[in-house]
Amino acid sequence: MSPLDSKLPPAAKANARERDGLKKRGLGAPPAIKKGEDGEGSLQVHQDPSMKIEGAKVFSVYGKGGIGKSTTSSNLSVAFASLGKRVLQIGCDPKHDSTFTLTGHLQPTVIDILKEVDFHAEELRPEDFVTEGFNGVQCVEAGGPPAGTGCGGYVVGQTVKLLKQHHLLEDTDVVIFDVLGDVVCGGFAAPLQHADRAMIVTANDFDSIYAMNRIIAAVRAKANNYKVRLAGCVANRSKDTDEVDRYCDAVGFQRIAHMPDFDAIRRSRLKKKTLFEMPDEEDIVMARKEYVRLAETLWNGTEALAPDPMEDRDIFELLGFD
Numbered sequence: 001m002s003p004l005d006s007k008l009p010p011a012a013k014a015n016a017r018e019r020d021g022l023k024k025r026g027l028g029a030p031p032a033i034k035k036g037e038d039g040e041g042s043l044q045v046h047q048d049p050s051m052k053i054e055g056a057k058v059f060s061v062y063g064k065g066g067i068g069k070s071t072t073s074s075n076l077s078v079a080f081a082s083l084g085k086r087v088l089q090i091g092c093d094p095k096h097d098s099t100f101t102l103t104g105h106l107q108p109t110v111i112d113i114l115k116e117v118d119f120h121a122e123e124l125r126p127e128d129f130v131t132e133g134f135n136g137v138q139c140v141e142a143g144g145p146p147a148g149t150g151c152g153g154y155v156v157g158q159t160v161k162l163l164k165q166h167h168l169l170e171d172t173d174v175v176i177f178d179v180l181g182d183v184v185c186g187g188f189a190a191p192l193q194h195a196d197r198a199m200i201v202t203a204n205d206f207d208s209i210y211a212m213n214r215i216i217a218a219v220r221a222k223a224n225n226y227k228v229r230l231a232g233c234v235a236n237r238s239k240d241t242d243e244v245d246r247y248c249d250a251v252g253f254q255r256i257a258h259m260p261d262f263d264a265i266r267r268s269r270l271k272k273k274t275l276f277e278m279p280d281e282e283d284i285v286m287a288r289k290e291y292v293r294l295a296e297t298l299w300n301g302t303e304a305l306a307p308d309p310m311e312d313r314d315i316f317e318l319l320g321f322d
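With full-length UniProt numbering, letter number 271 in the sequence shown gets 271, and the count goes up by one each step, no holes.
None of these hints come from the bench; they were simulated from the model.
Glycine included, C-beta positions come from ideal geometry on N, C-alpha and C.
Computed cross-link-like contacts, BS3-like style, restricted to lysine-lysine with a CA-CA straight-line distance of at most 30 angstroms:
#: 1; residue 1: K161; residue 2: K227
#: 2; residue 1: K95; residue 2: K161
#: 3; residue 1: K161; residue 2: K115
#: 4; residue 1: K272; residue 2: K85
#: 5; residue 1: K271; residue 2: K289
#: 6; residue 1: K95; residue 2: K57
#: 7; residue 1: K273; residue 2: K289
#: 8; residue 1: K289; residue 2: K272
Here are the in silico distance ranges between beta carbons for each label pair:
#: 9; residue 1: N300; residue 2: R266; range: 26 to 32 angstroms
#: 10; residue 1: P126; residue 2: D312; range: 44 to 50 angstroms
#: 11; residue 1: A304; residue 2: R214; range: 18 to 24 angstroms
#: 12; residue 1: N224; residue 2: D283; range: 37 to 43 angstroms
#: 13; residue 1: T297; residue 2: N224; range: 23 to 29 angstroms
#: 14; residue 1: E54; residue 2: V117; range: 25 to 31 angstroms
#: 15; residue 1: R293; residue 2: D118; range: 42 to 48 angstroms
#: 16; residue 1: D118; residue 2: G252; range: 48 to 54 angstroms
#: 17; residue 1: D280; residue 2: V117; range: 43 to 49 angstroms
Could you build the full structure based on these sequences and the hints that come with them?
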């Protein structure tokens, strides 16, 4: 047993092993932690400039837990692929279920595969951590640290580093980060360091819009130091969009797509398929068209939105009950 195993928690062991591996190979140290540069009280690992994703359009998908980020991401990936784009989807959730409708199964995570080789990334091959999904979409599951330990930012950084080391981003037109739940720390916000545009999946209800407001604040903080800007929001699983639109009008945001509460979308998840593999029922055909329209909108470029997030009290006054 390594002395590290008895003295350090998993995340610290991973960091120590990485430092040791970099030293043996004559490479530099991991990027330093910088305080406060992304907002008051922030404590985050900033991106190593060499890890910048170049040549591809990068989108990060956020939203409240259970709102349908993975469903949106996977169908959007296939929509981009149907437009002839080479697509890579990166799931950033310990559940590693972002891409299972694209591949039909749960993939092993990058962090678990790295553990198997004691974090010696040079021992891995692309096929060890990348799976080709429906319509040629390349699928990666970053995973996450053990519960209660570590930081999601480290995991995202290791995933991008591995993809760059194997030159897997050079032949990619679109990268989609499907990110875990609400933004509560720098780790969850790490994909924003790579993204051109952030998109928020919401619903026409208070809790979803409240989460969207927090995500807007996180993107604004990251925009101080990185190129990421907000593209807009997708009203998902919602018959109406009046509450979403009212919030957007109040803060200067924009709804760029609407996905009604079609039962076909729920059934597609149960069948482990995207909507593009489902039968040509009326609802499914309508939903596919909306995803393709969204893909075209994002590819052609969206306005760089800079909404002003509301204070909690103001959201309650805007959307709360009398």
